[in-house]
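A.B. asks: Now for the letters of each chain:
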Amino acid sequence: MSPKPHAFALAAVLAAACWLAPAAPAAEKPAQEPEPAPVSADSQACLDCHAIATPGIVADWKRSRMSRVSPAQALARPELSRRFSAAEDQVPPELMNQAVGCAECHMLRPEKHPGSFDHEGFSVHTVVSPADCATCHPTEREQYGHNLMSHAWVNLTGNPLYMQFEKQVNGVMSVGRGGLAVAEPTPRTRDESCLACHGTEVKVEGRVTKTSAAFGEVTVPKLSGWPNRGVGRKNPDGSLGSCTACHSRHQFAIQMARQPYTCGECHKGPDVLTYRVYMTSKHGGAFASLNKEWDFQPVPWTLGKDFSAPTCAVCHLSLVTTAQGEVVARRTHRMNDRMWQRLLGLIYSAPHPIKADTTGIRNADGQPLPTTLAGEPASEHLIGEKEQAERRGRMRGVCLGCHSAQWVDGQLANLDEAVRTSNANTLAATKLMQQGWQRGLADPANLFDEYWENVWMQGWFFYANSVRFSAAMMGTDYGVFDNGRWETHKTVRRLHHWLQSTPPAAGR
Amino acid sequence: MSPKPHAFALAAVLAAACWLAPAAPAAEKPAQEPEPAPVSADSQACLDCHAIATPGIVADWKRSRMSRVSPAQALARPELSRRFSAAEDQVPPELMNQAVGCAECHMLRPEKHPGSFDHEGFSVHTVVSPADCATCHPTEREQYGHNLMSHAWVNLTGNPLYMQFEKQVNGVMSVGRGGLAVAEPTPRTRDESCLACHGTEVKVEGRVTKTSAAFGEVTVPKLSGWPNRGVGRKNPDGSLGSCTACHSRHQFAIQMARQPYTCGECHKGPDVLTYRVYMTSKHGGAFASLNKEWDFQPVPWTLGKDFSAPTCAVCHLSLVTTAQGEVVARRTHRMNDRMWQRLLGLIYSAPHPIKADTTGIRNADGQPLPTTLAGEPASEHLIGEKEQAERRGRMRGVCLGCHSAQWVDGQLANLDEAVRTSNANTLAATKLMQQGWQRGLADPANLFDEYWENVWMQGWFFYANSVRFSAAMMGTDYGVFDNGRWETHKTVRRLHHWLQSTPPAAGR
Amino acid sequence: MSPKPHAFALAAVLAAACWLAPAAPAAEKPAQEPEPAPVSADSQACLDCHAIATPGIVADWKRSRMSRVSPAQALARPELSRRFSAAEDQVPPELMNQAVGCAECHMLRPEKHPGSFDHEGFSVHTVVSPADCATCHPTEREQYGHNLMSHAWVNLTGNPLYMQFEKQVNGVMSVGRGGLAVAEPTPRTRDESCLACHGTEVKVEGRVTKTSAAFGEVTVPKLSGWPNRGVGRKNPDGSLGSCTACHSRHQFAIQMARQPYTCGECHKGPDVLTYRVYMTSKHGGAFASLNKEWDFQPVPWTLGKDFSAPTCAVCHLSLVTTAQGEVVARRTHRMNDRMWQRLLGLIYSAPHPIKADTTGIRNADGQPLPTTLAGEPASEHLIGEKEQAERRGRMRGVCLGCHSAQWVDGQLANLDEAVRTSNANTLAATKLMQQGWQRGLADPANLFDEYWENVWMQGWFFYANSVRFSAAMMGTDYGVFDNGRWETHKTVRRLHHWLQSTPPAAGR
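Read top to bottom, the protein sequences are chains F, Z and Y.
Using this note's numbering, you'd call the opening residue of the first sequence number 443 and step up by one each time.
Using this note's numbering, you'd call the opening residue of the second sequence number 443 and step up by one each time.
Using this note's numbering, you'd call the opening residue of the third sequence number 443 and step up by one each time.
Okay, chain F solo, but in the shape it has when bound (with noise of 0.2 Å):
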């Protein structure tokens, strides 16, 4: 019955190896490292005037692998360490041999791209797309075709209790002799607030001639919806997404990547505090102290060797390999691939929905949501549990590589408790809410634009979520005090208030 002996001369011969070698690891990079690969004389053409026009991006470039390294080098390296996942005769053969520059971006597919436009002589496309990175990267594209994230522009937009909700949110408000109301939000302003990182449409509006600082009238597409970098952007093209949003341009940093930093450019408010709660964790207090001596940058990324604790990537996206080259985790674009239930931005949480494209959904009141106001859930369009449960047995399996399997059962446990508790507080604050609106204290046709309304949602919206992700990541305060369950609880006892001192006779 019991493995262990079997399990301890395993151990102790595949062990060998690795402990009689374990430190040679920054002699052999330089040895990985070929020629650069060399630039195209399109690129060139682009960086002599663009050293001059915008020397910061160059600059960036220049410090990038893409500056120099060639498809065909990136081929030949050992598939685990590959950061290229086109096949050898998917590539384009004219690109095959130099360094991904200016043009092989910027020029590439133009027929394809409604914003192309002759430039110096040549066809220029301001907005690089996932379908043009997709010419080096097709497996990472199509995961992340998959991602909720690649639909944030298309989930926000093609659902109309959204849309009822961010208009209250975004429109300008006024009073006048009617009372109070909101505009419909502009464009501009809606461009610059949720869909900053939703991601805006990006539509080509004819042609408009600028001033440039070195050269200049220039005349290129004019662009609505732009600039932007938002994870879910329509683009000219007609595809979803912005690989920028976190390999950002021109540099495309994998050290950038995988810092948490980039994750919290999105995800640091109260709707959405993963980045606060990871940091405030001892995972994010050994990185934070601790990433100094880490090294962010190598493919496959090891365990205990490159990193000592965990960042957002190490958990949701990366690669993980133990020094024996083990493979704990493998990549994922698919930011869900480890998620089985949803904690965040609904009003109770619930598992995580079966397709990226969730303007589908619809729960047993016929809302656009993944569960009624009551908190049943629309259980046809959620992942089921064995598809739950692979998801969360990858995630253990990250977990494992420094934890015993009591302590990370113990965790996950504390996880679903979490769950379980904050719906059960969101259901006590729902019906405080319900009594409101039979009261006639509010209007339930909108269930964002009235004061109390407000009230009740940061109540899910805020503090709900905060509790799920300090259970989550050991966030600690963010469960009780630092929004978490004083807020949760607050907000119940305020609607209660409200209700208990408002006489039984005033509507509104």
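No lab work stands behind these hints, which were simulated from the structure alone.
Note that the coordinates shown come from a computational prediction; the quantities given were computed from them, not determined experimentally.
Heads up, some of the hints might be wrong.
Which copy? The list can't say, so a pair holds if one copy fits it or any two copies do.
With a straight-line Cα cutoff of 30 Å, these simulated BS3-like cross-link-like pairs (lysine-lysine) come out [claimed, not checked]:
1. 828 <-> 652
2. 873 <-> 609
3. 797 <-> 609
4. 734 <-> 554
Knowing the structure of chain F, use the given hints to seat chains Z and Y on it.
C.D. replies: Okay, now just chains Z and Y, sitting in the frame of chain F:
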């Protein structure tokens, strides 16, 4: 009367040596490091499997000082640079000449650990306790035992008033026919919220079989209150505390314990936002900007050479010396050794308690609090003026390492003033709350279960703390608009408006 | 009409040199550094004692550039890399060939400093002022004098409306028979809260004897308003400002002034959360992830080479050049040199004031504010369109270092829209507040002393600022749920609900 001419001459002589040779530290370090001590056979057996089973923590341990320094080597160092407080004859001889590996901690004192279990032929315990660490670090354990933090679980769970409060924060709320109800918090909720920092009670509750990642099933003691690394954890062996709360497993990196991020894991929320206040101070700004150039590892830690502004550890804990080797502050693990006034967590700021166990404190009204609701201190339980002056003098000594006496005394007087005025503002809020209780607008039978009581609490539990912390550490806006006086005063105005706007006849 | 062919040729020529030799910077640096300049005998006398009395600041100074570069050496550098703005004939000859030590600052111009005192035979003053620093840095001092920040004490304490507000924030509150009372803030409270950042008035108030750590008693001038390092400090010599607010003693590290943490010491709270907004932006994310690889010390500071995303200093202050040595932005210590619209601190956003001293501003209603409560600007006190365009052009020039003209203009248009819409939302809140005043539910005699006035204030003083900062720096959620529009709109709804739910007859 003037000591100056003498002082000047003395200084010139003393300064000569240090002035002539200010810059050889980097070269010295390798010379101080002996050959790595051997790993014991028992620990090697652990490592052989766990390099595969839990590779992250094995790699982490390999980076640790414990993995390469034996007690004998630690004892051979000069006293000020020793990180080891046991006398030679206190160390078990079998531990003396080997590195401190898995077995040296997890197989130590097996008879004392109810959780010891047979694992691959060894008697192992999961929860290494301060009593284990005291084998080599008895002074630190002794000091820590006099620390409020070691009693964080005892002081919370043993205080009926605090437990009444905790229930109102953590219990699930429900709305039924009888109105609003709050259930007793579930054990997992309790462990994962307040007790995540305070520490849980870890108990052995039988055996459990778990499936690990690499080696199949393993049967281990079933632990309740686990996982946890809270500062006042009650361990299965009866000891209090968790050294790994700050000295994180399994690297036990002193550079982590000395950086503010570690303290910030628990001291960041609105109830105790010292980390935030520090990070916005001039000291925190210097740390954030310059820490890349500092050295967080040397013992002793040299003012001006290793760091140029204090972290939490410098002011509150660490052994700090001058470049000439003069001691500026002695190492202490009784965290309030340089603190005389308790700034947080209670209705009014009062002197620190005499004992680390505060469950015996009773105020003049019989409540387990160090002051009455009117602010009268329970002086017989609190340190007297002489002890306050000594602690203040030790902190002042740290400040004088960089600042003139006038600067420091001005700064300390500002703190005194903030204590006095923040207490006065809390008194105003409390008087209004008492009017609410007297008028029947709230029920003082439980101080924590009504909305207006929560409003009152925030005034002292969040905002008055912030004012005092800001004064203590020059956190500027945390004393004004970021929590701060803006919020203490708004709280008073809000309570006042509540009383004014509620009709005289309205009871609850 | 098209300048392009010419531009292309020009670019190719210009680019040649820089393109061929991009990577020799590290080797150059030592060559540029001369032998350390000698320390004067007077400074050496200071150092001999203070290495023992205050070792931290002595060590800090030893790391500083001032400790090793003489004015003559500073003057010998090429103009763009000079950190010294005095002409050769402006520098006192006796300072020309020695390092800038203790004596060169603390014994400079003794007759101008009321606080000069005899100390070990030297005439020393504690408070080194901008007028002292101007001996070597006259241009910086001159520019800083035109900066709002140099007048932060003057503009606060000289504005009766602001002082009415300050009293309501800082005065101790009490509850007695007459109701709620607010006392005049105590001097220490004032100095330690608002004036910690704004600057105190430092006055010499006789002599005091202090006990230092190392050398017994010392008699020094008694200073009120001390300690302080606020940006607009009024010094005993009558000058305004404290250079050490940003150039921290005694290392005066340019790498500290150039990192956002320094600005964040005062610009972090909800009233002015620029640091937080920056840190959540793409620029801040790049800084946080990559600054380990950047060089914060070179003068001039080269875009793309020394850093790959801007910090606060890059956009607002620093001399920035391209790798070819072309100037992207000139150094300025008038912080609003590249800012045209004031985004914070006032009811409505309006153009910047013409003068740094704003105490003379009066709006159409006679209030010392740049707009009326209805939003009408006091245009005769504010910069006109031409000056606004020039400042905007300078900022645009910085952006164009990395971004296309269309990107930048879209970004600036988003900011314009956020100014317009945030002002409109503030107007809605203000109209409701005015209804409250008209109905007698609050008293407009003092705008700051009632709960509902505080609610209204938060709408503009905290949340509308946040919306504008987020638009200015792409801070995403700070324009939506983290402060942001969620809070501006909730404020309006709350005021509206207050008016709706208060019976028509109810006065105060």
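A.B. asks: With reference to the structure, classify each hint as holding or not holding.
C.D. replies: The hints, checked one at a time:
1. 828 <-> 652: between (56 Å within a copy, 20 Å between copies)
2. 873 <-> 609: both (25 Å within a copy, 21 Å between copies)
3. 797 <-> 609: within (26 Å within a copy, 40 Å between copies)
4. 734 <-> 554: Neither: 43 Å inside a copy, 40 Å across copies.
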